[in-house]
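*Asks:* This is what each chain is made of:
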Amino acid sequence: MAGTLAEKVWQAHLVRRGTDGSPDLLYIDLHLVHEVTSPQAFEGLRLAGRPVRRPDLTLATEDHNTPTLDIDLPIADETSRKQIDTLRANAAEFGVRIHSLGDADQGIVHQVGPQLGLTQPGLTVVCGDSHTSTHGAFGALAFGIGTSEVEHVLATQTLPLAPFKTMAITVDGELPPGTTSKDIILAIIAKIGTGGGQGYVLEYRGEAIRKLSMEARMTICNMSIEAGARAGMIAPDETTFEYLKGRPHAPEGEDWDAAVEYWRTLRSDDDAEFDAEVVLEAADLEPFVTWGTNPGQGLPLSANVPVPSEIADANERVAAERALEYMGLEPGVPLRDVKVDTVFIGSCTNGRIEDLRSVAKVLKGREKAQDVRVLVVPASARVRLQAEAEGLDAIFKDFGAEWRNAGCSMCLGMNPDQLAPGERSASTSNRNFEGRQGKGGRTHLVSPLVAAATAIRGTLSSLADLDLPADVDLTTFDGSPLDGVGAPGFDGDAPAVVDLGLPVLSAGPQA
Amino acid sequence: MEKFTVHTGVGVPLRRSNVDTDQIIPAVYLKRITRTGFEDALFSAWRNDPSFVLNQDAYRAGSVLVAGPDFGTGSSREHAVWALKDYGFRVVLASRFADIFRGNSGKQGLVAGVVAQEDIELLWKILETKPGTEVTVDLVERTVHADDITVPFHVDDYTRWRLLEGLDDIGLTLQHEDEISAFEATRASWRPRTLPAKHLPTVEIEAARPAV
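Each protein sequence line maps, in turn, to chains A and P. Each residue of the first sequence is one higher than the one before, starting from 1 at the first, in the numbering used here. Each residue of the second sequence is one higher than the one before, starting from 1001 at the first, in the numbering used here.
Think of the hints as simulated: they come from the structure by calculation, not from any bench. Don't take every hint at face value.
To be verified - Label-pair restraints from in silico Cβ distances: (1) A:G422 - P:E1039: 27 to 37 Å; (2) A:S100 - P:L1167: 31 to 41 Å; (3) A:E78 - P:E1039: 20 to 30 Å; (4) P:P1196 - A:R46: 22 to 32 Å; (5) P:T1143 - A:D70: 50 to 60 Å; (6) P:K1130 - A:I311: 24 to 34 Å; (7) A:L47 - P:E1039: 36 to 46 Å.
Each residue gets a CB set at the ideal place from its N, CA and C atoms; glycine is no exception.
Given only the sequences and the hints, what does the whole structure look like? Please build it.
*Replies:* Now the structure itself:
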């Protein structure tokens, strides 16, 4: 029978098929662990006298509340320190590999897995973090789990799961200049809503997706959860194999050949049926920003802040009113006129080397807007090392940005990197929830290119707003292609304003 | 896990959609290493607002939360469920739940019941016009009763069974230990393992310092 990519991976991990309404039992190939959602799970094992079944399929790293400054000093915040210490003690007690602060392999868990070559096509990957969907960029079935499930996987290396539905999201055509994969996913979420993906695994496909680098694919899959989906996937291809080859845990020699042969089968069959389909034309996209307090409240940067009284749906109108009040925005004001205090470049969404390269390209030789704080936080220590080897850190520092150590940082403000009440950010992260980046903080989600242009102008901006935009050569950086950034060169013309008339076909009712 | 059959308690109307887990419990409270004691963190930003529903005497002792659509979106933090339970909630009713939140609830004995939005509106009306009204949630019959209305709610059969029996997932899975071992024996040898660890050469990481 014809199958989708998600169904094939599911079938290949079926330990036991559920009967009489009970869920299937799925084997888990890779379990990533961090300090925030694991302490209670290890405690549960200890109380029940259970070991970690497969330490060799488990990896821990410290990321959520680690500081990005003074990492060689004891962590100042006592509760953060205790949580980190607890993870280290648990890893030692249960024999789990850990990459701690200061280690070259430390970093955000969703960067560490891929960069070590542990994240591979066709795997099942879980982590006590909703952005585990990131790993789906490799054609893995990867999703976030709660702490009880973390304990379950530690104890059994399996999870009982009810089958997901499948949704195909096809992105045809080519991205216009100055747009990125972040704009694709923000546009998708604005279209299908924060609940549109509930119960689904999303599969991103189409010409625009095929052309994306692994980094850019990870950005898209990362934010699947913001559309309500637990997982997003992209079928592996030559780009995927190229990224993996030679990484520390990638298969070698004959194993590599066997793996690639299997990986090539990991695609939805031509006649596979999805439960829902969404089609999007990349050429219609332009830089996207959020104006509200959930990731679905987004618009093209050329638009104005919405006017709630013009919103027909009562629930949405109330939500928009509340969001605008929290965000301190006047209805009808052009988004381009919104002034920001902080620009945050980082996170598991956009803290990878390619993101830093594209930001550096824009910032190089330009001046920072006065009174804007710019934070650049690499997703992992290796990304930091790579950026420094390419001289990107010097560009950031010359510009007046702060160049930090790796971690989740201001994406969720568990460490000291937070917004003050009322402070406004343009952030390359994934969530604009109330208080997410600090109590009372106001977040606009943007792509790395929009973040960079905003850091220069001080208001939400795209490359088209810069003086001499043609000077920004987005094609190469030290000879490396800047994948994920639209079209070669940049002609300086502002992209046309388009209605994102993206139809949602038969997105079924919620279970 | 404690068994759940029927629960009666004060209903709390929360007229908000998209109540994400950062609203239910902000990240600053996630640094604790215990599984209990999160009651003070629940809806922490809103609790400072005197007009917030849980700050009104009639609702303070609430145990059945009636919320807007897309409750529990965002992060996977199970702390959101712990905080609701620690406060005293046994049931959350909404027309749509985020998948991870719903899963986490089921593991912790918190009933996340899906109720049609028009019935949520009816419940809101009752709870707002008669503050302190008790709501009865019957998991056996899958019904919600308040004042003069009784409406159905949905919880999948498996979760319902586990909640009714108070069963622990890990114990259930380990009954199939032989099948897990049999599956493991069939896995391709080239599948990645984290141990023994392989990585690029270790390099000293320079600590970033505060900007002066």
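*Asks:* Now look at each hint and say whether the structure bears it out.
*Replies:* Hints, verified against the model:
Taking 27 to 37 Å as the suggested C-beta distance range, the pair G422 of chain A and E1039 of chain P conforms, at roughly 28 Å. For the pair S100 of chain A and L1167 of chain P, the supplied restraint of 31 to 41 Å holds, since their beta-carbon distance comes to about 37 Å. A C-beta distance of roughly 21 Å is found between E78 of chain A and E1039 of chain P, which places it inside the suggested range of 20 to 30 Å. The supplied range of 22 to 32 Å is met by P1196 of chain P and R46 of chain A, whose beta-carbon atoms lie about 25 Å from each other.
The given range of 50 to 60 Å is respected by T1143 of chain P and D70 of chain A, whose C-beta atoms sit roughly 57 Å from each other. The beta-carbon spacing between K1130 of chain P and I311 of chain A, approximately 31 Å, falls within the hinted interval of 24 to 34 Å. At roughly 22 Å, the beta carbons of L47 of chain A and E1039 of chain P sit outside the given window of 36 to 46 Å.
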